[in-house]
Amino acid sequence: MIDPDSNIVTKEAVAKDWLPRYTGTPVEEIGDYVLLTNFYAYVDQFAERFGCEITGQDRRMQAATNKDGLSIINFGIGSPNAANIMDMLTASKPKAVLFLGKCGGLKHSTEIGHFILPIGAIRGEGTSDDYLPQAVPALPSFKLHKFVSDKLCECELEYRTGVIYTTNRRVWEHDEKFRQKLKSYTPIGIDMETATIFIVGHANKIARGALLLVSDVPTTPDGIKTSDSDAAVSRNWAEIHLELGIDALTGIGEKGEEIKHLRYENQ
Amino acid sequence: MIDPDSNIVTKEAVAKDWLPRYTGTPVEEIGDYVLLTNFYAYVDQFAERFGCEITGQDRRMQAATNKDGLSIINFGIGSPNAANIMDMLTASKPKAVLFLGKCGGLKHSTEIGHFILPIGAIRGEGTSDDYLPQAVPALPSFKLHKFVSDKLCECELEYRTGVIYTTNRRVWEHDEKFRQKLKSYTPIGIDMETATIFIVGHANKIARGALLLVSDVPTTPDGIKTSDSDAAVSRNWAEIHLELGIDALTGIGEKGEEIKHLRYENQ
Amino acid sequence: MIDPDSNIVTKEAVAKDWLPRYTGTPVEEIGDYVLLTNFYAYVDQFAERFGCEITGQDRRMQAATNKDGLSIINFGIGSPNAANIMDMLTASKPKAVLFLGKCGGLKHSTEIGHFILPIGAIRGEGTSDDYLPQAVPALPSFKLHKFVSDKLCECELEYRTGVIYTTNRRVWEHDEKFRQKLKSYTPIGIDMETATIFIVGHANKIARGALLLVSDVPTTPDGIKTSDSDAAVSRNWAEIHLELGIDALTGIGEKGEEIKHLRYENQ
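Protein chains in written order, with this note's numbering: chain A, 8 to 274; chain B, 8 to 274; chain C, 8 to 274.
By construction, these hints were calculated from the structure, which means they are not laboratory data. As the structure is a prediction and not an experimental result, all values here were calculated from the model. There may be inaccurate statements among the hints.
Given that identical chains are not distinguished, each listed pair holds provided it fits within a single copy or across any two copies.
[What the hints assert, rightly or not] No more than 27 Å apart at the CA atoms, straight line, and that leaves these computed lysine-lysine pairs for DSSO-like:
no.	residue 1	residue 2
1	K158	K188
2	K102	K158
3	K188	K74
4	K150	K232
5	K232	K100
6	K184	K153
7	K153	K232
8	K190	K18
9	K184	K158
10	K190	K212
11	K74	K23
12	K23	K184
13	K114	K212
14	K18	K102
15	K190	K232
16	K190	K102
17	K153	K23
18	K18	K74
19	K18	K114
20	K184	K74
21	K188	K153
22	K190	K100
23	K232	K74
24	K23	K212
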């Protein structure tokens, strides 16, 4: 095997080459504030609202940036893609990144269409052990979440807080052992990216948060996501989800005091 | 938390609903033989060659099926997506699945454009511990690989065999600790899906294989994949890569003896 | 205690001294192709068939070599002896080594007298962790197995492929915990040498394979090996087992293309 010491490139160099390669967008065009999504429709809606161009249509990830320096990137599904975008964003050093994701609700109190502002995420299988030891919890930047929660209150929207279980696993609803393990962890929801975005953001000193929309309740009767249910969630809740994200990251850029404080969130 | 025992659905029911939801393709239209790819261009090229329709243009995964019952599916990047498609394919019970992927070469003897027929894959972080214990190796179906290797010999194409290291990790080239660990495992290449396709295929009793194209040599000077190098690999090698996959899975369907033997590969 | 730094000998020097010491055979008399067996009877049968001498009658291991440069060595039972012979063979650098072993069948589909061509082996307790990290799977050389499978097909013999569990443990049939663990690993058979031959072969860059004969089915009623059942297996199947091994390693020496390809199998 080739000598592992022979060619130490810097992470910065890789990130600077890869961010444009994946998004079809020059590094300097990525805004200071970044919304992350798994849904092309969110990018489309964003571009329409602000009359801006969508880049990366022929790439892995699509992006759009408005005149206020707010970007949105559709990075795909799962921890590998989530870790990758959080690594590549070290090239543009954003001031804050907010993930607008969907999750499965796991509590009686969580219903489809609810918003969850996770206080932490459990690093299930496949969520970035190479970045920091397993004992380090995957957490959002507090002041970013505080700001998002203020926005939710202003809009008179209810939200839940709690811990998300993040895993590589998709089809698990039939797996009794997995369900028991999940129960023992007492999470409020389950998804595939949040822990990874938090822990890689922490490792890379990027302020990060997540505002999740409950799109299914997989452990209740008829609660597993299906074609019909998913379409209904998108129809009813996706627009307000994106609006909240835009509002939060736009507002935070306008408030000098908050921005100043944000740098302490990096660690 | 909701009682984990309250709603045990079958995996089959989930797979039957999700396969069409993800691919925009009815279960019965997926062929007996399936090529998996991470590249939309492969699906496009396949559809053009056989004059067949691409389904799922508005979905996560795109698919096309020719008149011989051979399908191709672009399932995306990374282990979560790889495990998901291998779970969803239990709905259509394909006779064989061949992954046409790209990998990074890790040996002096592997150069860009070489083909690798992996004899096994190391289940690095994020590659499906929930399916089978870590001690179970991630292996391809022998008779499928035997058939693919015959095709390579017929075309007078050289190929390498060896072990692939599969990981969730993307940007690792700068990470000395990761590189040392990688070296101790002596793999011939590194990718993000092969071990997952093998182990989930084993768990789901689906005959599976992988024909990988070396698209970069990340541990040599100037070897990390860049926009330019990736385009060059695609231009020169992608067409023959897809052709080999089509040939192999078409040929195997025509040879009764091989099909009969394939069932023993399930375990 | 002896100073650990005082006398660093090379592995090559030890192997060159030990191979004749263990087998009673000069290094240069060992052929380019080597059959490994646990049975003196196989060596005896081989010597009779080719009219060649048996060396090492007064040693730990007995060997015989025919005029085509094919050797057979009875190395004894278990991983320690298997690792030892695979280390000692680095002295003669054989082009390929094929283990003709017996295993216990663990599937409904495996019956006494069936042949198994293992696609890999699980490194159970005692099977050579000192050679390579546990994450590295124990695998045969693909092109050697491809050739052996062609021979089986030519002879119109059915064979199974699958994973072998290799362990130091002998008497385990009564041990419920061990049986449960074994079941969770889903192996097709259990033996005491295959994983060790594969992993030490990999570490030593020796092309290696295994053709196993199912000699008992230990998890079914009356399936545990007894003197009578073992004699029956030997009577019926041992001769064809050895013939297949001879055919495969003789044929592979005659086919230039295959030999050339074999060098890639070393890793």
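Structure-based check of each hint:
1. Within a single copy, K158 and K188 get their C-alpha atoms no closer than 34 Å, and across copies no closer than 39 Å, so neither meets the 27 Å cut-off.
2. When the C-alpha separation of K102 and K158 is checked against a cutoff of 27 Å, the pair qualifies both within a copy, at 18 Å, and between copies, at 25 Å.
3. Taking identical chains as interchangeable, the C-alpha atoms of K188 and K74 are never at most 27 Å apart, the minima being 46 Å within one chain and 45 Å between chains.
4. Within a single copy, K150 and K232 get their C-alpha atoms no closer than 32 Å, and across copies no closer than 30 Å, so neither meets the 27 Å cut-off.
5. Taking the shortest Cα distances, K232 and K100 sit within 27 Å of each other only across copies (22 Å), while inside one copy they are farther apart (36 Å).
6. In this assembly of identical chains, the alpha carbons of K184 and K153 never lie at most 27 Å apart, being 36 Å within a copy and 36 Å across copies at closest.
7. For a Cα distance limit of 27 Å, the shortest separation of K153 from K232 qualifies neither inside one copy, at 30 Å, nor across copies, at 33 Å.
8. In this assembly of identical chains, K190 and K18 lie within 27 Å of each other by CA distance solely across copies; the values are 19 Å between and 38 Å within a copy.
9. Taking identical chains as interchangeable, the C-alpha atoms of K184 and K158 are never at most 27 Å apart, the minima being 39 Å within one chain and 42 Å between chains.
10. For the homomeric pair K190 and K212, the shortest alpha-carbon distance between copies (16 Å) is at most 27 Å, but the shortest distance inside one copy (32 Å) is not.
11. For the identical chains of this complex, K74 and K23 are intra-copy neighbours only, at 22 Å inside a copy versus 44 Å across copies, given an alpha-carbon limit of 27 Å.
12. Taking identical chains as interchangeable, the C-alpha atoms of K23 and K184 lie at most 27 Å apart only when they sit on different chains, with a minimum of 22 Å there against 43 Å within one chain.
13. Only between protomers do K114 and K212 lie at most 27 Å apart by alpha-carbon distance; the minimum there is 14 Å, versus 32 Å within a single protomer.
14. When the C-alpha separation of K18 and K102 is checked against a cutoff of 27 Å, the pair qualifies only within one copy, where the shortest distance is 19 Å, while the shortest distance between copies is 42 Å.
15. For the identical chains of this complex, K190 and K232 are intra-copy neighbours only, at 19 Å inside a copy versus 33 Å across copies, given an alpha-carbon limit of 27 Å.
16. Proximity of K190 and K102 under a CA criterion of 27 Å is satisfied inter-copy only: 25 Å between copies versus 36 Å inside one chain copy.
17. Proximity of K153 and K23 under a CA criterion of 27 Å is satisfied in neither setting, with 31 Å inside one chain copy and 36 Å between copies.
18. Taking the shortest alpha-carbon separations for K18 and K74, neither the intra-copy value of 29 Å nor the inter-copy value of 47 Å comes in at or below 27 Å.
19. Proximity of K18 and K114 under a CA criterion of 27 Å is satisfied inter-copy only: 22 Å between copies versus 40 Å inside one chain copy.
20. In this homomeric assembly, K184 and K74 never come within 27 Å of each other (Cα to Cα): the closest approach is 49 Å inside a single copy and 41 Å across copies.
21. Taking the shortest Cα distances, K188 and K153 never come within 27 Å of each other, neither inside one copy (31 Å) nor across copies (31 Å).
22. Proximity of K190 and K100 under a CA criterion of 27 Å is satisfied inter-copy only: 24 Å between copies versus 37 Å inside one chain copy.
23. For the homomeric pair K232 and K74, neither the shortest alpha-carbon distance inside one copy (36 Å) nor that between copies (32 Å) is at most 27 Å.
24. Proximity of K23 to K212 under the C-alpha cut-off of 27 Å is restricted to the intra-copy arrangement: shortest distance 17 Å within a copy versus 40 Å between copies.
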